[in-house]
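Protein chains in written order, with this note's numbering: chain A, 238 to 528; chain B, 238 to 528; chain C, 238 to 528; chain D, 238 to 528.
Simulated from the structure, these hints should not be mistaken for laboratory data.
Quick caveat, the model's predicted, so the values are computed rather than measured.
Where hints are given, some of them may not hold.
Straight-line distance between alpha carbons at most 25 angstroms, and here's what the computed BS3-like set of lysine-lysine pairs gives [unchecked claim]: (1) A:Lys-335 with D:Lys-521; (2) D:Lys-271 with D:Lys-335; (3) B:Lys-515 with A:Lys-425; (4) C:Lys-425 with D:Lys-425; (5) D:Lys-484 with C:Lys-271; (6) A:Lys-484 with A:Lys-497; (7) A:Lys-497 with A:Lys-515; (8) D:Lys-521 with A:Lys-336; (9) D:Lys-484 with C:Lys-458; (10) D:Lys-336 with A:Lys-515; (11) C:Lys-458 with B:Lys-335; (12) A:Lys-521 with D:Lys-490.
Protein chains: 4
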Amino acid sequence: MDSRVQTLRNLLTGPRLSFLMEAHHGLSAKVVEKTGFEGIWASGLSISASMGLRDANEASWTQVLEVMEFMSDATSLPILADCDSGYGNFNNVRRLIKKLCRIGIAGACIEDKIFPKANSFVTSQNILVDVDEFCGKIKAAKDAQTDPTFNLVARVEALIAGRSVQEALDRAVNYFHAGADAILIHSKKNTAEQILEFAKQCPPQIPLVIIPTSYYNTPTKQFEEVGIKTIIWANYNLRASIKAMEKVSEIIKRERDLLKAEEMVSPLEEVFLLTNEKELDLAKKRYNDQS
Amino acid sequence: MDSRVQTLRNLLTGPRLSFLMEAHHGLSAKVVEKTGFEGIWASGLSISASMGLRDANEASWTQVLEVMEFMSDATSLPILADCDSGYGNFNNVRRLIKKLCRIGIAGACIEDKIFPKANSFVTSQNILVDVDEFCGKIKAAKDAQTDPTFNLVARVEALIAGRSVQEALDRAVNYFHAGADAILIHSKKNTAEQILEFAKQCPPQIPLVIIPTSYYNTPTKQFEEVGIKTIIWANYNLRASIKAMEKVSEIIKRERDLLKAEEMVSPLEEVFLLTNEKELDLAKKRYNDQS
Amino acid sequence: MDSRVQTLRNLLTGPRLSFLMEAHHGLSAKVVEKTGFEGIWASGLSISASMGLRDANEASWTQVLEVMEFMSDATSLPILADCDSGYGNFNNVRRLIKKLCRIGIAGACIEDKIFPKANSFVTSQNILVDVDEFCGKIKAAKDAQTDPTFNLVARVEALIAGRSVQEALDRAVNYFHAGADAILIHSKKNTAEQILEFAKQCPPQIPLVIIPTSYYNTPTKQFEEVGIKTIIWANYNLRASIKAMEKVSEIIKRERDLLKAEEMVSPLEEVFLLTNEKELDLAKKRYNDQS
Amino acid sequence: MDSRVQTLRNLLTGPRLSFLMEAHHGLSAKVVEKTGFEGIWASGLSISASMGLRDANEASWTQVLEVMEFMSDATSLPILADCDSGYGNFNNVRRLIKKLCRIGIAGACIEDKIFPKANSFVTSQNILVDVDEFCGKIKAAKDAQTDPTFNLVARVEALIAGRSVQEALDRAVNYFHAGADAILIHSKKNTAEQILEFAKQCPPQIPLVIIPTSYYNTPTKQFEEVGIKTIIWANYNLRASIKAMEKVSEIIKRERDLLKAEEMVSPLEEVFLLTNEKELDLAKKRYNDQS
């Protein structure tokens, strides 16, 4: 049993608002931990983008899980894994959950869309899977978990697909009764209106999670007031690194030397600190390594 | 045949100074291409650090090559792969080179150290492999390449190991005669003195490559004057991204909202531009995809 | 370009009947080559069964392709890869085909079923994908191939799904016009009646492939007479190895020694011959390996 | 905690002679379990041969572990993993052991040879690693295990390398004191003389394991009498499958039909039984899967 599973449960369902910060590889997971966050969102968009791929299940599910395993090993924080639509049917979901438990991931989020998924922000795709079928996936996931407290978050894409708040609520209630430990309600509107309405009407025993990427200018207090349990900052480490890499690459390209670049980057020692090279040196002595 | 192999050959051996910019995943490879660089250095340190691992062959060679395959697919630039000491003996090198040719990598750099390697900057390890054995690896690599112009760069670690410039030169000449297409001469001193001395004494027909990470404040002109062919900017995208992620994570942690973070990150649209989401939308129509 | 692609084209479309023998890992591919067959069927059922998995896309597509890469490296024969329904939509098919070309696979077979697939023999699943959508996949595959002669075989599951011979013929013609290089017509009946009827009515310019696993007692001559181009012996190496392993394991378990087992197994030298250990010994000398 | 770890401990150290049967993929693991064996030897030679590779660390360690994970998932038996020389130094061993614990492997066997290894039967390589360095690896392995009862078997290659029984005994004692849970003493002689001598002289508290591949005609009773705890039947499933595949391939090639082959193979139903296709059908109903 990995204690991180219980820690994530507390974050998702505890009395106070909690935050999950995006990471997309072992290194960003270490940065999130160093910064003091309590949990990590292993973003599907960020992981695929870091591979140079689109958010459309272009990488295989085992390739994604290999990244997540590096992340799990790199940090002591609990990780909520963004698993898109579950990479197939209920049977694929069962295999997924077993493997996530094995590699120390504390929870999985699956959404009520088809496979392969299309990114919620770039498509007008409005196909949602049938409620009964998705409830079957949720049940299969809960039956498959080898850790009894593993966290399954069901993501409702109804608002993304242009459906009503009422349909979103119906789906949320059904998914919760099928066994989901929390509901992620997603929206791509620029304002939080729909989300706040949803939260007010949602039965209070259902823990809610949101991702305010498109309605980022809503004060956090408003989410707290309607009882949102968890906010995911979904892709900011990825987007910060893109901006920084574009800038430093441009300057080095233009200058043809490193003088101006040097102050834009962390010292090399920071790399060695994050990866704990020191432990390796000590261990070499402890274990008689003569190399 | 991948035309990038010839392009890298031209960069390594052509009349003018060329530059390779570090990348460590598909996304950074795309950033390097967008910025206008002509070639990419797939840094072993950066790739392992991005996995959260130390620069000590902690990831398997196939895990590293999977990252390189994503990089190769993400860009049209030639990639020089940092392959440490070759992940084993001559036979492991043969398998490595065949697979690199297959995934569209334009060249490999192997260094005269043992397996597993220790990072040149963090260790006082001074074990170099025997010259004859390393020449055997070079010959094995050249015999194994399936593209006749594949580029093998032999990295001389003699100066790192505290050996003399003369030993470094002897090794360089031997490696070149064994078949290496270029020699990477490495140093961890704060000044370029040894490197410049090496370059002046090295037979002019041997193409030289350097990585001025520790002696970064030497003007590029000085390298040009001694006939260096290629400069590698070895880990700046990694280190820029660390600095940026630490900053944005800290601010979001402190502020508990995204208002201040928003200007520190690339817009979401930049992610979709880099990964070319648009092509997918067009293709859906072309191929009758109804989802 | 891999010459095996053209060899498979000749087998699929040439004037005389050709045979593909199943293999499911590098070793069985070597056995097939040693026996004198001209081509290999990389069976999805056999590969998943050898992993201990069901024929239901339980392994990821990259895990399957890793096995196929070992197979490609183990033999000089052309390999036709059984790719089930293509592991997703047209976009997943595009990525699949590019990677197959890269690893030296000569052709792919995709079938008109949904993802994840269900095995044709164990299910009564009768969902076929829409003809237009499947034609889109075929076009996407042909546009994605990096070798201009790569072979795409479209597998018609209409008879398996209980549809009429006429629907099977309509699908075959549509798939061929969309770009398929050959049509695999499948049946799970105990007699070849439907298959022979289909073959007689099918336009003669469409090269046909069959898998007579369930109607195995039909004389090959009958298939030749109706113009079938290629017969796949689909899972006999797998099933022979199961029978042999069950027998030898039982005897060793019962006897508690190896005396009776010894004659049931190939000598250890056969293992070393198949994997060519001798070349490694010679290469050690050639490349100055001192270990 | 996986109860298989304790089961293997009991097999290795319990009062009666125990047997481990070789498997090399998920399917053969299932066959071993079906036959009634109590434990599995995941043979390095067999796994690499099944990939079409030589027993010389040609596959990466993560590729080997992926096979072992399929094996672990395919059976409820404890698995002792043949890990060659540990795929590198003490640090690589640490990573290896952590991952083996994670995937449900009950024990690892590492041998006192260099990386990459050469097969004990095909080489005259006589390089053994220094005793202190190998003891360091053993300590590192024991410190790294996340299951307190994980089984580490240290394999002594002294007799293979032509050293004396006394050196073999010295190494065995040192390795046991460094933390090894059992000692595998290996020999490639045609008679068991050296092995029996070793066993008689070895301190009785050290549990011994042997692999009588080359001295297969020695009656098991003799091993029992000198107190051997565990016998590994190391490659018989692999070699049985080679013989069977060669035979069935030859017959199908010659006959051009399946009539004679049919009786040489397990029925297709046996494949479906071994992989438990039935459970999938039942689960489809339970989880509302409409496909």
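Structure-based check of all given hints:
The hinted pair formed by Lys-335 of chain A and Lys-521 of chain D meets the criterion: a straight-line CA distance of about 18 angstroms does not exceed 25 angstroms. For the hint pairing Lys-271 of chain D with Lys-335 of chain D, the CA-to-CA distance comes to about 29 angstroms; that exceeds 25 angstroms, so the pair is violated. At most 25 angstroms may separate the alpha-carbon atoms for a hinted pair to count; Lys-515 of chain B and Lys-425 of chain A meet this at roughly 18 angstroms. Between Lys-425 of chain C and Lys-425 of chain D, the direct Cα distance comes to roughly 50 angstroms. Violation of the 25 angstroms bound is thereby established for this hinted pair.
Proximity of Lys-484 of chain D to Lys-271 of chain C is assessed by CA-CA distance (about 11 angstroms); at most 25 angstroms being required, the pair is judged to hold. Only pairs whose Cα atoms come within 25 angstroms are accepted, and Lys-484 of chain A paired with Lys-497 of chain A is accepted, the gap being roughly 11 angstroms. With a CA separation close to 29 angstroms, the supplied pair Lys-497 of chain A and Lys-515 of chain A exceeds the 25 angstroms bound. A hinted pair counts as satisfied when its Cα atoms are at most 25 angstroms apart, and Lys-521 of chain D with Lys-336 of chain A qualifies at roughly 20 angstroms.
For the hint linking Lys-484 of chain D to Lys-458 of chain C, the alpha-carbon distance of about 23 angstroms falls within 25 angstroms, and the restraint holds. With a C-alpha separation of about 22 angstroms, the suggested pair Lys-336 of chain D and Lys-515 of chain A falls inside the 25 angstroms cut-off, and the hint holds. A hinted pair counts as satisfied when its Cα atoms are at most 25 angstroms apart, and Lys-458 of chain C with Lys-335 of chain B does not qualify at roughly 43 angstroms. Annotation: proposed proximity of Lys-521 of chain A to Lys-490 of chain D is violated, straight-line Cα distance about 57 angstroms (limit 25 angstroms).
Checked against the numbered hints listed earlier, the structure breaks hints 2, 4, 7, 11 and 12; every other hint is satisfied.
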